[in-house]
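Sequential numbering from 270 applies to the sequence shown in our numbering.
Heads up, a few of these hints could be off.
Simulated DEER-style distance windows between Cβ atoms [what the hints assert, rightly or not]:
{"#": "1", "residue 1": "N494", "residue 2": "K405", "range": "19 to 27 Å"}
{"#": "2", "residue 1": "R401", "residue 2": "S449", "range": "53 to 61 Å"}
{"#": "3", "residue 1": "S449", "residue 2": "N494", "range": "51 to 59 Å"}
With a straight-line Cα cutoff of 30 Å, these simulated DSSO-like cross-link-like pairs (lysine-lysine) come out [claimed, not checked]:
{"#": "4", "residue 1": "K397", "residue 2": "K312"}
{"#": "5", "residue 1": "K366", "residue 2": "K405"}
{"#": "6", "residue 1": "K337", "residue 2": "K366"}
{"#": "7", "residue 1": "K355", "residue 2": "K323"}
{"#": "8", "residue 1": "K355", "residue 2": "K329"}
Think of the hints as simulated: they come from the structure by calculation, not from any bench.
Keep in mind it's a predicted model, so treat the numbers as computed, not measured.
C-beta: ideal position from N, C-alpha, C; glycine also.
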Amino acid sequence: MQLAIVCYVENNSKHQVPVMRPLKTMSEAGHVMVGLCMSERLKVFLESCLKLEKLPHNLKQAIEPLVKNESDVPFHVLNECQRWFKRNELPYDPLWKLFISTSVALPTPKIPSRSTDLDQRVRVLQEKFANREYNKMIEGIGPKLSVPVDTVDGVTICSEFKCMNKQLIMVANFLIIVTSGFAFGYFIPDMLSSDSHASVVTRLVCALAVSSVVFFADLYFLMKNVDSVAKTH
270 MQLAIVCYVE
280 NNSKHQVPVM
290 RPLKTMSEAG
300 HVMVGLCMSE
310 RLKVFLESCL
320 KLEKLPHNLK
330 QAIEPLVKNE
340 SDVPFHVLNE
350 CQRWFKRNEL
360 PYDPLWKLFI
370 STSVALPTPK
380 IPSRSTDLDQ
390 RVRVLQEKFA
400 NREYNKMIEG
410 IGPKLSVPVD
420 TVDGVTICSE
430 FKCMNKQLIM
440 VANFLIIVTS
450 GFAFGYFIPD
460 MLSSDSHASV
470 VTRLVCALAV
480 SSVVFFADLY
490 FLMKNVDSVA
500 KTH
């Protein structure tokens with residue numbers, strides 16, 4: 270059985286004349302073949318084909334295993350049988366009657382093997398997006414203790430800690446210097462005379478005098494350095 274399309278051709282009288290042009294059969298076109306599930310009516314039709322002595326040998330060889338195994342019938346085999354019946358002017362069931370008694374069996378699609386290069390790229394992308402999602406989840410809670418920067422002052426917690434650390438070091442240095450000045454003043458009488466028998470009151474007065482001078486001198490530099498550290502941070 271052949272399909273046909275209608276084409277319109279213009280003749281000399283400028284009228285369109287329909288022309289029937291047959292299409293190629295599926296076996297001639299070389300397309301992917303579809304099959305029909307074996308049904309009782311289809312089996313009877315194929316068995317009747319096998320009983321015909323004039324049926325071509327190649328068709329018999331194609332039909333015999335189909336009937337024996339009751340497997341799906343390729344459409345091109347059924348089509349060739351119909352065409353042979355038509356050429357020999359023998360009675361046959363039209364295709365539509367055979368179609369309504371069965372269902373179409375589509376060929377199993379061929380699944381191509383996956384490329385190792387493609388699998389590797391997909392794996393890299395999956396890890397990349399997984400890491401991106403993880404980074405979004407832990408954003409702002411990492412070991413850096415970072416917080417959004419103030420748009421006006423540009424101050425963060427890290428810079429505040431650094432500034433406070435420097436200021437604490439300056440204060441500790443100030444206390445050590447004042448304490449050292451007090452100790453130095455306490456032993457000044459011993460340095461002035463090897464046989465000094467100065468009283469404790471005299472020693473304390475000398476210690477307080479020296480430590481007071483050191484205190485006010487170092488306090489000036491301490492306040493100056495604290496202001497400079499605060500401005501830089």
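Status of each hint after checking the structure:
A hinted range of 19 to 27 Å for the beta carbons of N494 and K405 is inconsistent with their spacing of about 42 Å. Look at R401 against S449: about 57 Å separates their beta carbons, and that is inside 53 to 61 Å. Taking 51 to 59 Å as the suggested C-beta distance range, the pair S449 and N494 does not conform, at roughly 18 Å. As the CA atoms of K397 and K312 are separated by approximately 58 Å, the hinted pair breaks the 30 Å bound.
A distance of roughly 64 Å separates the Cα atoms of K366 and K405; the hinted pair therefore is violated under the 30 Å criterion. Distance check on the hinted pair: K337 and K366 sit about 22 Å apart at the alpha-carbon level, within 30 Å; holds. The straight-line distance between the Cα atoms of K355 and K323 is roughly 13 Å, inside the 30 Å bound, and the hint therefore holds. Our distance criterion of 30 Å between C-alpha atoms is met by K355 and K329, whose separation comes to about 17 Å.
Checked against the numbered hints above, the structure breaks hints 1, 3, 4 and 5 and satisfies the rest.
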